[in-house]
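Line by line, the protein sequences give chains A and B. The numbers in the working numbering rise by one with no breaks, and the one at position 35 of the first sequence is 35. The numbers in the working numbering rise by one with no breaks, and the one at position 404 of the second sequence is 404.
These are computed hints drawn from the structure, not numbers from a lab. None of the values given here were measured: they were computed from a predicted structure. Possibly wrong hints are sitting among the right ones.
One copy or any two copies: either way a pair holds, since identical chains are not told apart in the list.
[Claimed, not checked] In silico SDA-like links for lysine to any residue, alpha-carbon gap of 25 Å or less:
| # | residue 1 | residue 2 |
| --- | --- | --- |
| 1 | K642 | K733 |
| 2 | K606 | T524 |
| 3 | K348 | S704 |
| 4 | K606 | P496 |
2 protein chains.
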Amino acid sequence: MLRLSSLLLRHNRHRCHLTKPFSTTTSSLPLTVPLSHPIYLIWSSNTSLGKTLVSTGLASSSLRSHPRRRRSFLYLKPVQTGFPADSDSRFVFSKLTSLALRHRRLSPHFSLLASNHLLKASASAAASLLAPGAPRIYENGMCHLDWSEERRVAGENSGNDEPSKLVCKTMYAWGDAVSPHLAAERENGAVEDSALLETVQRCLEIGVGKENMDHFCVVETAGGVASPGPSGSLQCDLYRPFRLPAILVGDGRLGGISGTISAYETLKLRGYDVVAVVLEDHGLVNEVPLASYLRNSVPVLVLPPVPQDLSDDLMEWYDDAHNVFDSLMEIMLSAYSERVKRLRDMPKRAVDVFWWPFTQHTFVPEGNVTVIDSRCGENFAVFKNDDAITEQFDACASWWTQGPDATLQTELARDIGYAAARFGHVMFPENVYEPALECAELLLEGVGKDWASRTYFSDNGSTAIEIALKMAFRKFSYDHGLLLESLKDNSTERCPELVVLALNGSYHGDTLGAMEAQAPSCYTGFLQQPWYKGRGFFLDPPTVFLSKNMWNLSLPEGLHSPDLNVKNMTFCSRDDILNKSRDNSDLAVIYSSFISHQLSKFPESKGLIGALIIEPVIHGAGGMHMVDPLFQRVLVNECRNKNIPIIFDEVFTGFWRLGTESAAELLHCFPDIACFGKLITGGTIPLSATLATNAVFDSFIGDSKLKALLHGHSYSAHAIGCTAAAKSIRWFKDSDRNPNISSKGSLLRELWDNKLVYQISSHPGIKRVVVLGTLCAIELQAQGCNAGYGSLYASSLVKQLREDGVYMRPLGNVIYLMCGPCTSPKICNQALRKVYRRLEEFSQSQQN
Amino acid sequence: MLRLSSLLLRHNRHRCHLTKPFSTTTSSLPLTVPLSHPIYLIWSSNTSLGKTLVSTGLASSSLRSHPRRRRSFLYLKPVQTGFPADSDSRFVFSKLTSLALRHRRLSPHFSLLASNHLLKASASAAASLLAPGAPRIYENGMCHLDWSEERRVAGENSGNDEPSKLVCKTMYAWGDAVSPHLAAERENGAVEDSALLETVQRCLEIGVGKENMDHFCVVETAGGVASPGPSGSLQCDLYRPFRLPAILVGDGRLGGISGTISAYETLKLRGYDVVAVVLEDHGLVNEVPLASYLRNSVPVLVLPPVPQDLSDDLMEWYDDAHNVFDSLMEIMLSAYSERVKRLRDMPKRAVDVFWWPFTQHTFVPEGNVTVIDSRCGENFAVFKNDDAITEQFDACASWWTQGPDATLQTELARDIGYAAARFGHVMFPENVYEPALECAELLLEGVGKDWASRTYFSDNGSTAIEIALKMAFRKFSYDHGLLLESLKDNSTERCPELVVLALNGSYHGDTLGAMEAQAPSCYTGFLQQPWYKGRGFFLDPPTVFLSKNMWNLSLPEGLHSPDLNVKNMTFCSRDDILNKSRDNSDLAVIYSSFISHQLSKFPESKGLIGALIIEPVIHGAGGMHMVDPLFQRVLVNECRNKNIPIIFDEVFTGFWRLGTESAAELLHCFPDIACFGKLITGGTIPLSATLATNAVFDSFIGDSKLKALLHGHSYSAHAIGCTAAAKSIRWFKDSDRNPNISSKGSLLRELWDNKLVYQISSHPGIKRVVVLGTLCAIELQAQGCNAGYGSLYASSLVKQLREDGVYMRPLGNVIYLMCGPCTSPKICNQALRKVYRRLEEFSQSQQN
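Using the sequences provided together with the hints, build the complete structure.
So this is what it looks like as C-alpha cells:
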C-alpha cells in the first residue's frame, strides 16, 4: 500500500513542504535570570483567554498596594502580531494609567510614571509609527525602532516623591494578526530564537532601572502554550532555557477544562513550574474539576465574567476582580520567596543528609555545593551568587552519561512520560513488550552489528560487567571442558580458579566482581574493598597522546625494543594511529611477541585465563588514557587464537562517545561479549546491556533452569529505559536529527577545533591531550602529590571555569570537556576557548 | 501569610467544595478488547471541532468502498449531553442514510441497513422518547431505554444480498448541553466508570453481529481529551484500560496549533498511540507546524472548510472531503494490520534476540511468550489467543517492584515526564537538586526515622548491598582498630579476612559482593558464580508459617530444646508472632544462647565477623519464608553487643511490601545501615538507597579523598528516579491518596481475606502459607525433584491461572500473589479466589 505516514494530506491535494524541523535553540551566551525580584511567564491554554487582562490586573495590584511604598512593574511582550491594532503592551500601559487616575480618588498620594515601548517591528508594522522618509535600520527584515511613549499620573503633594513606575515593552511586532511564525514569514521579518532570548535577557537585566524599588515583572507569551514563536519553535520550547515560573490563564468555557489541563501538561512536559491557574467565570464551574485534577497543589482562581460590550472600559470589571488579582499577586510573591529560600537553603540541607559518592565530605563545605535548578540540553541552570540562575556548560557531561541537546531532551521527556503511562514497569523474563524488543533489536543492529545475537539487560555498567564475566567464564569452561566436571560435582572445591586478562589502568565498575577484573589501584585497597583480591593478570599497555603538536606513543617498561626508533614512536595525526594498515607494521610484530611472552609467564598455579576484558581505545576512569589501538587489536587476536572469550567494556566508550557508535569500530575487531550503559538512554536514566554472540548464549542452554544464567535485577529491561534508549540510539545516528552525522556517515564530525587543541597540547603547563569524539581531556603538568587521582591540583582552575560558565569535575590532575553526540562544534569551542584562557592564567600562577 | 495554595479562589468569594478526587477506576471484570477488526477512539483537542463529522466520513468511506463486499460499521457514543437536540449517533445515522442514497446513484448495487440506538438516559433526556406513562426502569437515576430506529437503503437487484450495515449507539444521554460530569450531577443520573467501561466492552463484543462482514468500529469521546466523563474522571483516564488506538481531531483555527499539540501530549501522557491527526482547513496552514512537531511520524490530514450555513446538508462537503476520509481510512486500516502483525510477530522476535534473566530458554518456546501491550494499575494488558487484548492481574507485582494503581501510574507518568524535561540527568557529587534532596529527606524521615542520618544513592538492590557491606566493614575496622593498621600499610596482605554473619536462605542480590554475603545455594555454584567463596558465617533460622489454620514455628536442627513444647511452637495469630512482648519468653533465652554458642564456634582462622546482614521478617528470593522475628531481634541485639554493624536488606521488604513502611517496624529494632530499592520508585524505574547512621558516615571522614567511599554509579541519585520515589513515598503513606492507610495509621489494612487464607492453609495440597502486607505466598506440597527452585511443579497451575486473568511467576513449588500498597482488598480477593479454585483442581489432578 501507499506509504502515507510521512505525508501531509490536504483535501485539495496541495502538498505542503515542510521547512526545517523545529528545534529548541540555546543561546550562544550563558543566559542568566535575576532572582532579585519576581519574574513570571504568563501562558494561556488558547488565544484570547485574557492573558493581557491578567497582566494588567497584576500590574494594578502590584503598583497600588501600599501606596507609600515605591514600586515598579515591568511588562514584557516579546512577540506581538496584529500590530498596531493589537498591542498588548499598549493595552497594559493605557489601562494602568486609567486605573491609576481612578485609584487616585481613593489614594490621593499615589503617583505613577508609565511608559510603553516598541523595540523592533516588521516593515509593515513599523510603518504606522515612522514618519515617511525617516531613516530605518533593518536586521533580518526587522526594523530597529526603540519607539516609546510616556504618561505621568501625579498624586497630591507628590512633588518630591519619586512616582511608582510601569514599563511596558513590546520586543518584536508584526502586522498580520496570525501566528508569529506565519507573520514573520509573510512579512519577511525573521527573529532567531537565540536573538529573542538575548533580548528578553537584556530587558530583564535593565528591568525598570536600578532605583531602590520593589520590582515585579511579567513576560507575556503569545497565543497558547505551544503556539509557534517567530522562528517556528514552539513558545514552550523557546523560553525553556529561562524556566521562569508560570501562571496559566485557563479556559472557563465549555471544553475549557480539557484545554486547560492539556496546556498544563504541556508546560509540565517542558519542566515548567505552574504557580497558579486563573480563568474567567463562564458559569460552568470549570474550576472544580481543575482543582481536583491539580489535587489542590496549585491554586485555581476565578475572574468575574468579562463584559461582552467592546466599548466597556473595564474599569468596573477591574474593581470587581481586584480581590482575585490581589490574591494572585500574594500567591506569586509567596511562591517567589519560597523558591529563593529553598534555593538558598539547599546547600545546607544537602551537606546534612547526602552521602555523595567519590566525595570526601570534608572538602565540600556548604559554600562549595552547586545548586542545580534544571538543565536544558548541554547546560545546567545553576543558582549563583545568591541572586541569579545562570547557565553552565555541563563539561562533565553529567559524569559521562549525557547526550541530548535541548530538542532531544524535550522529545525524550515526552517519550519517557508515554512509556511510564503505557507500561510503568512490567516484568521481563518470558515476556515481550515493544520498548524492550525495539531496544534489543536496535542494539544488535547497531553496536552489535555483525557479531552480536543476544541482548541481556541490566541496570548499570557494573552489573553489565558482572554479567559479561559470568558469560565469558561459562563459555570458557564450556570450550575447555571444565563444565562437565563441574556439573558432575557441584562443589566449588575441585573447580579451577579463573582469572581475567586485563590492562593496567582500566576500570570496569564498582561492584566486587567488576572490581576484581581491574588491577590494584587506589580504589582497591583494604580501606575501600576489603574483599578485593585482584583476580586477573594485568598487562601494561602502550598509550598514545597529543603533546607539543605531535601524537606520541609511550611504551611500558618491557616493551622497548631496539627495532623501535623515533619514527615508530610518533604520528602526524590521530587517523594514522587508528589506521588498520598498522597491522603490517614492525610494531604489530613487537606487540604480538610481547603479549605471547607475557602470557607464557603467567603461572597456571594462579589460575586459568578465562576472559580478556578491555575498554576499547580509551581508559576512562583510569585517567582518560588512549591505549594504542593496535596493541588492543593484537591482544584480541592472541586471545581469540587461544579460545579465550573477549569482553569489550563499552560502558564509557559506546554510543558515539569516541565519535563512532561503537568503539569496536575504531579497533577494527569484534568481541564475543560487550557491555553498554551510560549514553545508552541518551543520558537520562540507568539502563545497561550486555551483548553476546549466539555461541556464548548456547553455553547456557540445557535441560535445567540451574544451567541458565541466574543473574537479574528487578527492573531488567524496564520499559521506560528501553524507550529512552530506542529513541536516543535512533536519534544519534540519524543525520536528519543529529547535525554532527553526515548523511551516510558512521563518524561524528570533528567537534573540537583542531588548531586550538594543538595549541593547548604545546602549552608548557600541559603534559598531554587526548581528543576523540565528544571527549577532550587535558593532563596538567604536575609532580608528586599534585599528580594522581587524589590530587586537588586542578581545583582552583576548575573553580575559575565555573565562574566562566563551564562546569568541570577533574580526575586528579586531568581535566576534561565532554559534550553530547549532537552538540554543535560552536558550543564545544566556546568552552574550549575558556579553558585555554584559564589554563594560561593557571600556568602563570603556578610559575609565580 | 494566608495559606492560599489549597483553596479555590473565586471573584465572588463563593467557595466551591470539592467532591472526591478524581481517580481512574479499573473495572472489576478483566476487560477485553477484540482485535478481530479495527476499533478506534476519536478524540479532539476541544469541543465542536468536528469529531462527529470525522466519524461520519469514516463510516461513509468504510461502507462505500468495494460496493460488492459486505461491510459493517459500528459507531459508539458512550456519553452524549444536550440530548435529544444533540445526538451525534443520530447525526451519523441520518447523514449516512442520506449519503447512501446519494451514493446509490453511482453504485446502484449498494444497499445499507442502518440503525440508531439509545441504551440509557437521564429522566429529562429520556422524556422525549418515552410515551407518557410508559414503564421506566431506573438505575442510579439513569433510565433503561434500549430505544432504536432503523432505515434501509436498498440497492438495485439487491433483493438477495445482505446489505452493508451501520449500527449507531448512544450509550448514555443527558439533556443539559454541558460537560457530562455537570449534566450527570444536575440531572441526578450517575454512571460509574466501571459500569461505563463494561457497557463499552459489551457493545464492542456484540459489535454489529456475528455475520461474515468486514467490521470497523469507532468510539467517539465527548468534548476534549481531558474533558470529564459522567463520574468526573477525565475521559483520557476513563478509557485508558482499553488503550484503543486514537485519532485526534485537531484545531485549524488561530491558536489551534497549541491546542492540538497539547491534546496530543495529554494522550501520550496516558500511553495512547495517536495514529493520525485530522483538522479542518481555516486557511492558517496549521498542519505545517503540526507535521513538523510530529516529525512526520504521525500523518496530519486537512479537511475542507465546513460550510458555515447551518441549513447546509453537507452532502457536497462530504463529496469534497471523501479523498481525505479515504486516506484516513487507509491509514487506520494499515495501522491496525501493522499493530496486529507486530503483536503476532513479537514472540518470535523475542526468542530470537532476548536473553532473559533467570530463564532457561529451552523451556520458553515462542508459544509460551507473553506479549504485554501495556499495563494499567495492577493489570497487564496481554495479547491473547491471537485476537484480543485482555487484562491480567500482575500477581508477581512485576517481580516485586510494583506499587501504583491506575491513578498513581498517571500521576507518576506526568511527574516523570516533568523531571525528564526539567533535569534529564545531572551529576550528583558535590551538587544538589530538588528531587534528590526531597527524596533523601523523605527516606530519612520515613524508613530511616529515628536512626538514619545519611542517604547513599545507587541503582539497584545489589549495588545498595555492596555499598552497605563497604560501609559496615569500614565501620567495623574503625571500631576494632583495624583501620590504622591498614592505613599504615596499604597492602592487602596483612589485612584480616572479614566475613558477614547471615542467615541461610537469605538472598541479597546477584553481583559478586552481594552473592558472597549469602550461603551456598543453587545460585552460587561454579556453574553460576566461578568467583563465589561464600564469605560468611551462615546460621539456620527458625521460621513461621500458616498451616491447617494455625501459625507454626519450625526450628532448625540444633535449636531444639527440652524446654520447648507444643505451646511454644504454635500461635493463634500472626500478631502474636510479631508481638514485642515475646522478648520475655523462654524462646528468647533459648535463641540467645543458641546464637552465642554458634558465634563462639566460628573459628577466627576463617576471619572476623565484620557485619550482620539480614532480610527482616521475610526471605524473598529464598522462597518467601517468614523468619521468626524474635530470632532476628535477638540476633541483632547479640551483634550490637559485640559492636558488629547491622545491615537490614529491605530491598524487598521496604515501602509497605509487608504492611509497614519499613519491615524494621515489625522487628522493633533498628539497623546501622539499611538498603532499599524496588518499590522505592513506586515500581517504575531502578533506584536504590543505602541509609546509614552518622556514626557509619563518620568512619569515612578524613583528610584524603582516598578515605571517602569510592563507589558510585553514573546515574547516582538520578533526578527522574528521585522524583518518582518522592511521589510514591508520599503517596503510599497518605491516607487521602491510599485507601489502605488509615488516617493516622502506620499499617496497611488487611488485604487478603482472612477466611480464604485460612481455608487455603488447611488444604491438603498446601504445605504452608505466608501472608503479610501485600504478599500472599503459598507452598505446594511437593516431593523430590518437584520441590525447590528448579522445580517446574507449579507450571500447569500457573498456566491455568493465566487463563483466568492472573499472571504469576512461581518460585519452584512456591506460588505467590503480590499487590501494590494501594490495591483494594476487592481486587486481591478476586485473585485469591481464582487461586483457590485452581488449587482444588490442581490437587485433584495430582491425586489422580
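Hints and how they fare:
1. K642 with K733: Classified as neither: same-chain Cα gap 36 Å, cross-chain 58 Å, threshold 25 Å.
2. K606 with T524: both (19 Å within a copy, 22 Å between copies)
3. K348 with S704: For K348 and S704, the Cα distance is within 25 Å only across copies (22 Å; inside one copy 55 Å).
4. K606 with P496: both (10 Å within a copy, 21 Å between copies)
The structure is inconsistent with hint 1 alone, although it conforms to all the rest.
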